[in-house]
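Given the structure of chain A, go ahead and fit chain B onto it with the hints provided.
There are 2 protein chains.
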Amino acid sequence: MSQVFNFSAGPAMMPEAVLAQAQQELLNWQNQGTSVMEVSHRGKYFMELAAQSVQDLRQLYGVPDNYEILFMQGGARGQFAAIPMNLLGEKGKALYLTSGHWSATAAKEARNFAEIDEINIVDDNYKITRLDFSDIASQYDYVHYCPNETISGVEIFDVPNVGDAVLVADMSSNILARQIDISQFGMIYAGAQKNLGPAGITIAIIRKDLIGKARKSTPSIWDYAVQSKADSMINTPPTFAWYLCALVFKHMLNEGGLREYEKRNAIKAQTLYDYIDSSALFSNVVAKENRSTMNVTFVTGNPELDAKFVAEATAAGLHALKGHKVLGGMRASIYNAMPLAGVEALIAFMKKFETENI
Amino acid sequence: MSQVFNFSAGPAMMPEAVLAQAQQELLNWQNQGTSVMEVSHRGKYFMELAAQSVQDLRQLYGVPDNYEILFMQGGARGQFAAIPMNLLGEKGKALYLTSGHWSATAAKEARNFAEIDEINIVDDNYKITRLDFSDIASQYDYVHYCPNETISGVEIFDVPNVGDAVLVADMSSNILARQIDISQFGMIYAGAQKNLGPAGITIAIIRKDLIGKARKSTPSIWDYAVQSKADSMINTPPTFAWYLCALVFKHMLNEGGLREYEKRNAIKAQTLYDYIDSSALFSNVVAKENRSTMNVTFVTGNPELDAKFVAEATAAGLHALKGHKVLGGMRASIYNAMPLAGVEALIAFMKKFETENI
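Residue numbers (numbering that gives the first Met the number 0), protein chains in the order written: chain A, 0 to 357; chain B, 0 to 357.
Bound-form chain A, shown alone:
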């Protein structure tokens, strides 16, 4: 079949080189005559893989020594519950900054476990209105936000100012997309299925002094102290998903690391937004300074024409461009694994569609 580009918002495209390696060794990993998914997580080979993956992620993302890296199950939504269980302390409340669907969902879940204050930081033009909370943040055990909202395609490039308070970021859709200063965060977490690997594994990077405060009624698989002590193996981890993440980290290092991915991601997004801005048919409604580099939303303004676009694009090998049902329209998710060629193919198709339908 002809070349397919998959713009799925998640589970999303993975590097072809990673999938090819996984395929090649699926029945015989490390020349053991068994699949990586059939061996004990406590065996020599998997323990080596796990340790190497932590080391590679540390190098790739510049994770300081005073941060722990945990691999868990349950997705970001699991962490929506685990975070208040683990991080609430003496102050007894947390501040949630909401900028779209996922940050609001995190706040809603947290309310089942804690007293939550919520501040909306996005206006009707999808523009971030406030990032300085240094005047109020000290009242809270932590401040939570989501730097990239996948549904609306809104990204927050500057880090909120929370003074000395603990900042927690749901980076499910933009982890490892560009270089960041980890030391600005108390905790970063992400479901793997956009930039890291397959669905079913969740990565958390947590400042060590924040670990060890979990309430008694914290499930042991989400107690950061328990998992930290057990090297993320208090129970059987999702070994195959972990293995794929390990291959992705290695692949990214081989490709030139985050500096290279940051450059590629900027070029991909700029190229697509430039075309959309020049188009007489397609438009993006997000404020320019908050346009996501990962999820590019666009509409024709006519829902029937949007549906026609999605159907014809799919037939042309440009998959999963339908926008989230909440917003409609189109969404091209262009995570790390999407090559520039995919964006160029999309633009070529959009141009053709524009000519035919305007």
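Mixed in with the good hints, there may be bad ones.
The list treats identical chains as interchangeable, and a pair is accepted whether it falls inside one copy or across any two copies.
Claimed, not checked - DSS-like, lysine-lysine: derived pairs with alpha carbons at most 27 Å apart:
(1) K92 to K215
(2) K107 to K228
(3) K107 to K212
(4) K215 to K90
(5) K324 to K126
(6) K307 to K43
(7) K228 to K324
(8) K350 to K324
(9) K215 to K107
(10) K43 to K324
(11) K262 to K249
(12) K207 to K90
These aren't lab readings, by the way, just hints derived from the structure by calculation.
Leaving out everything else, chain B in the frame of chain A:
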């Protein structure tokens, strides 16, 4: 390389036919030009896979219509926390029957969420001493037990009598190993990594009238009512693990269903125990009526000789026979995917080792 047989206790061997199909279509699933792990769980193809997998499991295990089947994350240990959160009700306490490491671990975790009474039901000879709790069970919201203890190799073949009370079974290591009457249980659950698929997905079969009682502080991904309403997709499920489970169910149906696996499993276990009982070197210490069909433990009585056995067996392609560190000795896990040929190769090797070392 020569034929390898993998006796890992979990993650464990998977059917070779399933792995071969996964390998073949890893980069191009359903002729979509993408991997199954790269597509949206809400897309047409994955939704069909999910629905078919539920239907196949229902057929394979004879799951009645008044039971819900859920696919979750977090392993059995996640459920150790989720079960009290979901099933505790008016009575406010639960009874845990302990017969080894895993049932005791479940009770320990549950104590963080509920008042738990615990009764030990195994004696020093690894014999189950009591299965009738009909006199006391009505005091409890549920009674929990583990019908197969993987570390000691102790299996409980009869179902505990709990009268009208709700019986909950951790079947992580013997789900789908033989035909059972699901209607005797309120809930059955299992991590997938022994008999169902890869690590990272957890299956629960729950009587529908027990769903909907979760306390407020239940993480939404483990709220059975929430997941039931969302067809196990309140968040992104571990799609690749789910896909592999779906292939395993289909494979088992094609091989003749549970009647066939029950027969195969009985023959494999009987063949191995018969040899051990006839051996002058190896012995199994579990009471005959409670010997596990899934995890066969054995010792020489000499830890140095045990270590030599494990090393030489590994070199001969018989992998992962080292017993759990708690008990030492050897353990051959012979789940559904282990063919009789693997058991026969192990026995042949044991005989040779016995001749050379007695």
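Results for each hint:
1. K92 to K215: both (17 Å within a copy, 17 Å between copies)
2. K107 to K228: between (30 Å within a copy, 18 Å between copies)
3. K107 to K212: both (22 Å within a copy, 20 Å between copies)
4. K215 to K90: For K215 and K90, both the intra-copy (17 Å) and inter-copy (22 Å) Cα distances are at most 27 Å.
5. K324 to K126: within (21 Å within a copy, 57 Å between copies)
6. K307 to K43: For K307 and K43, the Cα distance is within 27 Å only across copies (18 Å; inside one copy 53 Å).
7. K228 to K324: Between copies only: 18 Å across chains, 42 Å inside a chain, cut-off 27 Å.
8. K350 to K324: Answer is within: at 25 Å inside a copy they meet the 27 Å cutoff, but 64 Å across does not.
9. K215 to K107: both (22 Å within a copy, 12 Å between copies)
10. K43 to K324: between (46 Å within a copy, 15 Å between copies)
11. K262 to K249: within (18 Å within a copy, 45 Å between copies)
12. K207 to K90: So K207 and K90 pass the 27 Å test inside one copy only (19 Å; across, 40 Å).
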